[in-house]
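Engineer: So the chains spell out like this:
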Amino acid sequence: MSVVTRNQLLPGVFLTSVHTKKFKSSTLSMTLLTPLRAETATVNALIPHLLRRGSAAHPDMQSLATALDQLYGGSIEPAVRKRGETQCVGFVGSFLDDAYTLDNSTVLDRAAALMGELLLRPYTVEGIFCPDYTRQEKANLTDRIRAEINDKRQYAVSRLVEEMCAGEPFGVGRMGREADVEKITPQMAWERYQALLAHSRLELYYCGSAEPDMVCRILENALRGLPRQGGYTVSETLVAAQASSVRQVSENLDVAQGKLTMGFRTGGITAASPQYPALVLCNALFGGTTTAKLFLNVREKLSLCYYASSSIDRYKGVMLVSSGVEFADKQRAENEILAQLDACRRGEFEAWEIDGARRYTVSSLLTILDSQSRQEDWWMSQAVAGLAYSPQDLARSVEAASVEAAVETAKALSLDTVYFLKGKEG
Amino acid sequence: MEEKRYERVGETFFHTVLENGLHIYVAPKPGFQKSYAFFATNYGGMDMRFQLDGKWWDTPAGVAHFLEHKTFDTEDGNALQDLAANGASPNAFTSTSMTGYYFESTEKFEENLKILLSFVSIPYYTQESVDKEQGIIGQEIRMGDDEPDTQVFYGMLEGLYAHNPIQVNIAGTVESIAQITADTLNLCHRAFYDPGNMVLCVAGDVDPEQIAAIARQVLPSQGHLPVERDHGEAEAPEAHKSKWVKTMAVSTPIFQLGFKDTPPQRGEDWLRWELTGNLASEVLLGTSSPLYARLYSEGLINESFGYGCEAYPGAAFLCAGGESRDPEAVREAVLTEAVRICREGVDESLFQQLKKAAYGYMVRNLNSFENICVSQSMAHFNGYEYLTFPQCFETIAKADVEACIRRAVTSEKAALAVVQPKEEKQ
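First to last, the protein sequences are chains G and U.
Just so you know, we're using my numbering here: the first sequence kicks off at 96 and counts up by one.
Just so you know, we're using my numbering here: the second sequence kicks off at 726 and counts up by one.
Calculated from the structure, these hints are not laboratory results.
Note that the Cβ used here is the ideal one computed from N, Cα and C, for glycine as well.
It is possible that some hints are incorrect.
To be verified - Simulated coverage check for chain U against chain G, where a stretch passes if three residues somewhere in it have a Cβ under 8 Å from a Cβ of chain G: (1) 971 to 985; (2) 1022 to 1030; (3) 1073 to 1084.
To be verified - Stretch by stretch, here's where chain G covers chain U in the computed footprint (C-beta under 8 Å, at least three residues): (4) 806 to 816; (5) 829 to 836.
Throw the hints in and build the complete structure from the sequences for me.
Structural biologist: Below is the structure:
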């Protein structure tokens, strides 16, 4: 039904193109890959938002909004992602497929041109970023970083990662640090932007009904003038195989419900490892689904929490457990989570648990093909890690992974850090 | 089954009504991996008082939502696990006026559909399981207490409405759910989980006739008419109170600004109201509007700003909200802009541009099976067909949108809810 092709368009510029007619929209993204470092993360995170404020031809938000409205309400959103220890900054867009326009006009060529214009020809004042836009977007970035605290569940996970990987680039948040926002000047952001354009790998992605050859031509046109001055390498992510000892961290915040998060090292297993499909199965058995041990025991059987689940960061080799519990139940919940992990290590699974975990995982991988945004994220992330397997490929490997292999990956997990967010009175 | 083609958007619905009163809609989606089924009852958080067996019943806040949790229990265990064991991702939600159960799966679709129809239609509530659920839902309510977006939205509804039950938290309170017994659940199941009050929507690469055959086989052959409910006296046209404030641990003030409108009639009037309300929001404060650009550049709103309109039995409103350092100033600016629009009229080219954008956005949303099924279910309960939106949309004129703004966006009809940051003591 759909065909995936990968081409190099320019030095350090790659296009992954998914040709399919099953959607009513097309997805287009342009992403610059740069090493995740504390010194540059904050300014890098600012740049796509700054670029999204205006281009030379569309200098303000209203003229940009008008241009997008004319493209049948297309969207171009700044994207700041963290994949392993690479920071990925750019734009993701979604547009009406050419087949559904009311006046038979084409959208894709104009959409790509607009995205290219935003990336390459920003609105400038005296040759650098507009000071007003910079000031406003700095304030927005500060708000965005602070807003993480509003989502307590996500906040507890972010804090866990920060504590657990304090000495590693991975400990840097995808948006950088609030304290670094203030130091940014239009000049400094401009220089960083020039360096990103000239030396970063640029990953392009398209999914829709247009023929791959035409997509190449359209994107080559859209990127005319992109400076290319060498570099383009994507940095390796540092993978710590084992935790040395367990760290306990707790913080007080004015919350009604405690958030308990636990970080494990996977014994060096990442998406590039042959054992990875077994680890995916292990995660599904342990805490990745509603048939998993964490859900059935910690939530359903003991009513200790409203949610308890585990997830893998597939490029860094860590597993994170996240749950919401009453303050007083923290230790009981932590013990129970570890007891369930031990059960996994002993291979104590019923047949239906294994079947459920496998079916759920395979199904969630295959449905990536039904979503343009999930496919975009999959291929962009794979490109960062230098991996070429598709969701179907991984689904087949999970299908073939044995329970014994999953048990081995459970044995490889070592607890690194426990982070607990509790209330003021606690 | 009757086939209805909606050429403009390239969609088809097969429709039939069973002898028991159940309406079935099937949207064929060739080429997709997954299929999606949505089984919904016209029963939500607001339906607390109703007539059954010739008697009026008053039930505690939160029953519809409690029932949703407990409906997954079956005599043999839990349907969530049965579906998950088949690789399906099941879930459910309760909204103000609807409760929906759904799953998507890439295999064994018909078997999964049987499970879905069976567990939802066969009540199995024990006092023991009700008691246990009070702990889990208690935690969910506590979690909601920490969510500023949830709090501020209910705050706005409390501002707009004096007594309409849409302002009551769907999950109820720890106190209200303590009053729920197995008898309460059985009563509400009998009243609302009847085929005559329900709808089944399916999207996927499936055989429509087979769907209807399964529904006939699993569900009771007889149904009753929807029960009568009481949502209280008609509300006054003005907002009940203009301001609602609460203090929470947030970084910036979070607000919701609501404008009370006249509730639409069932049928096409409902669809028309929703389309008009959305366009009115776009014209007044949407991302392409002059007001949005001004508020954004003054730092009064940021990208968290969102807006829309909602209609329920006896209640309809436009709303907008997000983070702002000065919500009062946003409110004043919106009211001033409404006065300007009423005086000068909406710019014709802006109106046409916004219509084009809204159309493209609605067509792109047809990629989502969930959106198609949930929207058609809501449309069915409110008396219209979802996929007629392109035709209805075409007939909406600038004057309709101006009339909507003139009618609803006034200071008497406005309610502002604000969650204020707490002063942190270090």
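Engineer: Hint by hint, say whether it matches the structure.
Structural biologist: The hints, checked one at a time:
Residues of the stretch 971 to 985 of chain U lying with their CB closer than 8 Å to a CB of chain G number 6, which satisfies the three-residue condition for coverage. Given as covered by chain G, the stretch 1022 to 1030 of chain U passes the check, having 5 residues with a CB less than 8 Å from a CB of that chain where 3 are the minimum. With a threshold of 8 Å between beta carbons, the proposed coverage of the stretch 1073 to 1084 of chain U by chain G holds, since 6 of its residues qualify and at least three are required. Counting residues of the stretch 806 to 816 of chain U whose CB lies closer than 8 Å to any CB of chain G gives 8, so the stated coverage by that chain holds, three being the minimum.
Counting residues of the stretch 829 to 836 of chain U whose beta carbon lies closer than 8 Å to any beta carbon of chain G gives 4, which meets the minimum of three for the stated coverage.
Against the hints set out earlier in the document, no violation occurs for any number.
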